[in-house]
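*Asks:* Residues per chain are reported as follows:
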Amino acid sequence: MSLDANIPAGPLSEKWDKHKLKLKLINPANKRKYEVIVVGSGLAGASAAASLAELGYSVKCFCFQDSPRRAHSIAAQGGINAAKNYQNDGDSVQRLFYDTVKGGDFRAREANVYRLAQISNQIIDQCVAQGVPFAREYGGSLANRSFGGAQVSRTFYARGQTGQQLLLGAYQALSRQIGLGKVKMFTRTEMLDLVVVDGQARGITVRNLVNGEISSHSADAVILATGGYSNVFNLSTNAMNCNVTAIWRAHKKGAFFANPCYTQIHPTCIPVTGDYQSKLTLMSESLRNDGRIWVPKKKKDPRPANEIPESERDYYLERKYPSYGNLAPRDIASRSAKQVCDEGLGVGERGLGVYLDFSEAIKRLGVDAIRQRYGNLFDMYKRITAEDPYKVPMRIYPALHYTMGGLWVDYNLMSNLPGLFVLGEANFSDHGANRLGASALMQGLADGYFILPYTIGDYLATSKRQKVSSDSSEFKKSEAEASTRLKTLLSVKGKRTVTSFHRELGALLWELCGMARNEAGLKKALEAIPRLREEFWKNVNVLGENESMNQALERAGRVADFLELAELLCQDALHRKESCGGHFREEFQTEDGEAKRDDANFCYVAAWEHRGAGQASVLNKEPLAFENVELAQRSYK
Amino acid sequence: MNFKLKVWRQKNSKSKGRLEKIEAKNISADMSFLEMLDVVNEELVQKGTEPIVFDHDCREGICGACSLMINGVAHGPDRGGATCQLHMRKFKDGQTIVIEPWRARAFPVVRDLSVDRGSFDRIIQAGGFVSVNTGGAPEANAILVGKDTAEKAMDAAACIGCGACVAACKNASAMLFVSAKVSQLALLPQGQPEKNRRVAKMVAQMDAEGFGNCTNQYECQAVCPKDISVSFIAKMNREYLNKEHS
Numbered sequence: 000m001s002l003d004a005n006i007p008a009g010p011l012s013e014k015w016d017k018h019k020l021k022l023k024l025i026n027p028a029n030k031r032k033y034e035v036i037v038v039g040s041g042l043a044g045a046s047a048a049a050s051l052a053e054l055g056y057s058v059k060c061f062c063f064q065d066s067p068r069r070a071h072s073i074a075a076q077g078g079i080n081a082a083k084n085y086q087n088d089g090d091s092v093q094r095l096f097y098d099t100v101k102g103g104d105f106r107a108r109e110a111n112v113y114r115l116a117q118i119s120n121q122i123i124d125q126c127v128a129q130g131v132p133f134a135r136e137y138g139g140s141l142a143n144r145s146f147g148g149a150q151v152s153r154t155f156y157a158r159g160q161t162g163q164q165l166l167l168g169a170y171q172a173l174s175r176q177i178g179l180g181k182v183k184m185f186t187r188t189e190m191l192d193l194v195v196v197d198g199q200a201r202g203i204t205v206r207n208l209v210n211g212e213i214s215s216h217s218a219d220a221v222i223l224a225t226g227g228y229s230n231v232f233n234l235s236t237n238a239m240n241c242n243v244t245a246i247w248r249a250h251k252k253g254a255f256f257a258n259p260c261y262t263q264i265h266p267t268c269i270p271v272t273g274d275y276q277s278k279l280t281l282m283s284e285s286l287r288n289d290g291r292i293w294v295p296k297k298k299k300d301p302r303p304a305n306e307i308p309e310s311e312r313d314y315y316l317e318r319k320y321p322s323y324g325n326l327a328p329r330d331i332a333s334r335s336a337k338q339v340c341d342e343g344l345g346v347g348e349r350g351l352g353v354y355l356d357f358s359e360a361i362k363r364l365g366v367d368a369i370r371q372r373y374g375n376l377f378d379m380y381k382r383i384t385a386e387d388p389y390k391v392p393m394r395i396y397p398a399l400h401y402t403m404g405g406l407w408v409d410y411n412l413m414s415n416l417p418g419l420f421v422l423g424e425a426n427f428s429d430h431g432a433n434r435l436g437a438s439a440l441m442q443g444l445a446d447g448y449f450i451l452p453y454t455i456g457d458y459l460a461t462s463k464r465q466k467v468s469s470d471s472s473e474f475k476k477s478e479a480e481a482s483t484r485l486k487t488l489l490s491v492k493g494k495r496t497v498t499s500f501h502r503e504l505g506a507l508l509w510e511l512c513g514m515a516r517n518e519a520g521l522k523k524a525l526e527a528i529p530r531l532r533e534e535f536w537k538n539v540n541v542l543g544e545n546e547s548m549n550q551a552l553e554r555a556g557r558v559a560d561f562l563e564l565a566e567l568l569c570q571d572a573l574h575r576k577e578s579c580g581g582h583f584r585e586e587f588q589t590e591d592g593e594a595k596r597d598d599a600n601f602c603y604v605a606a607w608e609h610r611g612a613g614q615a616s617v618l619n620k621e622p623l624a625f626e627n628v629e630l631a632q633r634s635y636k
Numbered sequence: 000m001n002f003k004l005k006v007w008r009q010k011n012s013k014s015k016g017r018l019e020k021i022e023a024k025n026i027s028a029d030m031s032f033l034e035m036l037d038v039v040n041e042e043l044v045q046k047g048t049e050p051i052v053f054d055h056d057c058r059e060g061i062c063g064a065c066s067l068m069i070n071g072v073a074h075g076p077d078r079g080g081a082t083c084q085l086h087m088r089k090f091k092d093g094q095t096i097v098i099e100p101w102r103a104r105a106f107p108v109v110r111d112l113s114v115d116r117g118s119f120d121r122i123i124q125a126g127g128f129v130s131v132n133t134g135g136a137p138e139a140n141a142i143l144v145g146k147d148t149a150e151k152a153m154d155a156a157a158c159i160g161c162g163a164c165v166a167a168c169k170n171a172s173a174m175l176f177v178s179a180k181v182s183q184l185a186l187l188p189q190g191q192p193e194k195n196r197r198v199a200k201m202v203a204q205m206d207a208e209g210f211g212n213c214t215n216q217y218e219c220q221a222v223c224p225k226d227i228s229v230s231f232i233a234k235m236n237r238e239y240l241n242k243e244h245s
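If you're matching them up, the sequences are chains A and B in order. So that you can map any letter, position 15 of the first sequence is 14 in numbering that gives the first Met the number 0, and since no number is skipped, the others follow by simple counting. So that you can map any letter, position 28 of the second sequence is 27 in numbering that gives the first Met the number 0, and since no number is skipped, the others follow by simple counting.
If you're looking for bench data, these hints aren't it; they were derived computationally from the structure. Among the hints, erroneous ones may be present.
If you want the footprint, here are the derived chain A segments under chain B, 3+ residues with CB under 8 Å [as the list claims (entries may be wrong)]: (1) 41-54; (2) 172-180; (3) 311-318.
For the chain A half of the interface with chain B, some residues (derived, Cβ under 7 Å), not all of them [to be verified]: (4) 135; (5) 487; (6) 491; (7) 493; (8) 495; (9) 496; (10) 550; (11) 553.
What the simulated footprint calls covered on chain B by chain A, stretch by stretch (three residues with Cβ under 8 Å from a Cβ of chain A suffice, anywhere in the stretch; the number is not a length) [stated by the list, open to error]: (12) 52-65; (13) 89-97; (14) 123-130; (15) 156-166; (16) 186-192.
Beta carbons are placed, not taken as given, at the ideal position from N, Cα and C, and that holds for glycine.
Bound-form chain B, shown alone:
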């Protein structure tokens, strides 16, 4: 297969970027999207052009490093997976593919397709944890947790922190990401003692980072590689209101 790529190239956070036309030739349908970029990069180097920079690591959809906007869709056309799990058989031979970085004020471009998602880390640092020191834990079965509760907490905890939810949102809102962590810990008994403080601090940090608000378009859920439900945003809003009244 052959493709016409339009790839965002930007030297660093300060320079201006532009879309560059690059041909991808002799691509196998069994290649992953990132393997296609590997092939393109090998050819670029042979021609003396610097390869395209993009974040990637585990290449099995769990580390959350890969982050490409493919033809305007975060992680591309295959639902419920990250860019690294997308295969070229999902594209038509000869197709034009536009590849851009996540775009949000809180995710500045580092180079080409790589962005800085440190804002997500700072939100977790503000309150996305249970304050328990090593060694201070009771016997694991001392506090029982219903299977349904544990499963629901796991649905939220599956978030890989990739930032697709922000990239897909017209407001660049991080509500799906933040609500997933707020909900996971608010559902479990271990997270109860500091749940008010947690939601207040995480939301305050989210606002300080420059993420927008949720206006219920659900684009985030549609592109989430882990199918995390927007119902967690509702749960977070409830937690936030409860905090005001408790």
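Just chain A, same shape as in the assembly:
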């Protein structure tokens, strides 16, 4: 089946404006009669819930955290891109569009990315008006910095806490609507199922995480803004509780899952130290502005970094990519780190690390300048490793960070299931096969503040829906299924903890479907994952009961879903016989080891359809048409 993305006709720069004019509106006085459910309270969810309530819709918002302010968007450090061109360095909507399409290795939709670049400027205006304390120049205007994959300074930031400040802005907008009674907020409430009636998304089933109560909620439309699935790898920079459950449950109810194999591995994270490791910590990409990445030229060099002379160091990014150097995009920087470690040149106890060295920058700019720029990051590093990066180089290694894949959506951000909208990292839309730094915050807020509030109105105004309530049979059936699943998890009473399964799955995926993939490895993974899943349902040990707070039970449900997603991820990676962005197939590379795309055969979005337990997923394709940019071999040399 070929999918229609509903991209408006006309020149690229006019598509969104023309489309907005065509969208049907709902009378302001009637909006309150429409009920909308928002799942997730991060940048995309909170901004959508707040904006919809401001327009007058009746909104219910759900999050599993104890407060909407704790969504994982809060941990984004570096910044948010916008094409303001305040620096007079040649930036424009066109250039941000081009950088993002190229950065995504030409696997994103032109029309979506162009709209994102257009909206980027409005986002900054909105956030400043909310009181987000962005970094400023002495003259009082907004400051910018540069980021990987771009040669202009277009990144707005609030110290190393940009995600926190933008999220709190959206959280405060949401809180205002909660206080006004326009949004009903459900915290510590986890979505367990999507309810579909007559082929339309009409509600959700949830579990109250404090007392275990299962309930369902009906609505005219459902919005999922529940983030990405990096935690399928167990170790990632995501928060511990980030999970795929909401979008996976929707997938099983008919929503297509697009490009699951597009996973982003961030080059600058603190290396793993032991088996007990619970998560990996990101060191902002901004460090690559002044830090130089290197490894010793000699294998297993026992000398401390500072005793290795310049002539015996390999600054491999500067050597391979002279024009971008240490600011090469994330996928390229990560892969290069893996290559040198695979060659036995890695540093640290496990040999899985490279140096990120500030000594030259400290010599050139002084300790104070470096402290001002990166002080909080250096402190964070020291706290975790007990090493002082002012004196010795940091050790970094790539780690799972973001997932470009997600539920398939059309230009209106609606999935193939009518009434189901998907925003932010949870959808697949704008980053192609690789996301550029400082673009995730931009996309989450564009979706929630400025795209969905327009497109959802058109759906509500034009679609025919029968009256339903959470008492109807579809809802009761969904509740019963959710309860049964929880009871099953509690009744297995096996010998292995949930954590041990999650670790095994993560290690397997990282090895066979991580930074580099090949056919033999993926086939091996596709045999091992179903076996592990089978063992999980026979041998997992979840103690306690459903009726009280039970974090092991919560995690068990999430890991069970990861065990299903992992298979689709590997299947997608196996089918895509090309390398692009974060998806690197060893069989498909250029002579100098760069990703080799196959535009003739794979220039499409792979949208997978669930056909029921035990049946193979079916591949649907959305062809990608490039009318405004030329498909080129991506080069940062």
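With chain A fixed as given, assemble chain B onto it according to the hints.
*Replies:* Chain B alone, transformed into the frame defined by chain A:
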């Protein structure tokens, strides 16, 4: 390393809690405090005992979920960081470690070490925002903000809403939390039009939730993982008085 833990166990908000003795064995100095609890929990499950419930999420000191009273100190002995950023190398081998939840009337225990901080959300809902609808914003550089002002607003805005300030205060006062938001928005030009209304509503909600008052002991600042200064409490008091006279 080995430790003797005394951990608060409480089934739910209605039941009575107690300190339970649990051994933590073979702990690496490089583990974070929460990873140590993960190891303990894995062992408890293997022995058929329900694991210890505690709130946590990002594990890098920014989400504000983690909330442990460690040997009587909110977020433990390492200053300027949250519990998740505390590492076991800060403890002595064989040491006894007492782990309790935040204790305040406005933060009822949910289970074990997890508490309900919904009162903080309700204070923000009462007035901790700028009333600007999506789409109603002027060009971002149309209103200039001095670098010093922006930096000071950011010092206040860094608050992660963890509640350590309340837990550390003998009066269970939320003044540091509330003043951080009041000050951030009162410092910036965007927050000016409704600053009187904001401080009045937020303080009224703070009182209604059952938080105590500030008696200038500064315990809150000492445990704040983001080093938020008590000078913001003074700023809030000034804002509150100004409102009376304007």
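*Asks:* Does each hint fit the structure? Answer for all of them.
*Replies:* Status of each hint after checking the structure:
1. Counting residues of the region 41-54 of chain A whose beta carbon lies closer than 8 Å to any beta carbon of chain B gives 4, which reaches the threshold of three, so the coverage claim holds.
2. Three residues within the 8 Å Cβ limit are the bar, and the region 172-180 of chain A against chain B gives 5, so the coverage statement holds.
3. Counting residues of the region 311-318 of chain A whose C-beta lies closer than 8 Å to any C-beta of chain B gives 0; at least three are required, and the coverage claim is violated.
4. For residue 135 of chain A, the suggested interface contact is upheld, since its CB lies about 4 Å from the closest CB of chain B, less than 7 Å.
5. For residue 487 of chain A, the interface hint is violated, the least distance from its beta-carbon to any beta-carbon of chain B being 18 Å, above 7 Å.
6. Among the interface hints, the one on residue 491 of chain A is violated; its C-beta lies about 13 Å from the nearest C-beta in chain B, farther than the 7 Å criterion.
7. This hint is violated: residue 493 of chain A has a C-beta 11 Å from the nearest C-beta of chain B, more than the 7 Å allowed.
8. Given hint, residue 495 of chain A at the interface with chain B, is violated; its Cβ is 9 Å from that chain's nearest Cβ, farther than 7 Å.
9. Checking residue 496 of chain A against chain B: minimum C-beta separation of about 5 Å stays under 7 Å; hint holds.
10. Among the interface hints, the one on residue 550 of chain A holds; its C-beta lies about 6 Å from the nearest C-beta in chain B, closer than the 7 Å criterion.
11. Checking residue 553 of chain A against chain B by beta carbon gives a least distance of about 11 Å; that is not within 7 Å, so the hint is violated.
12. Coverage of a stretch by a chain is defined here by at least three residues with a beta carbon nearer than 8 Å to that chain's beta carbons; for the region 52-65 of chain B and chain A the count is 12, and the condition holds.
13. With 0 residues having a Cβ less than 8 Å from any Cβ of chain A, the region 89-97 of chain B misses the three-residue criterion, and the hint is violated.
14. For the region 123-130 of chain B, the stated coverage by chain A is satisfied: 8 residues place a CB nearer than 8 Å to a CB of that chain, which reaches the threshold of 3.
15. As drawn, the region 156-166 of chain B meets chain A at 4 residues by the rule of a beta-carbon pair under 8 Å; at three or more, the given contact holds.
16. Figure legend: the region 186-192 of chain B, annotated as covered by chain A; annotation consistent (3 residues with Cβ-Cβ distances under 8 Å, at least 3 required).
Consistency with the previously given hints fails for numbers 3, 5, 6, 7, 8, 11, 13, ordered from lowest to highest.
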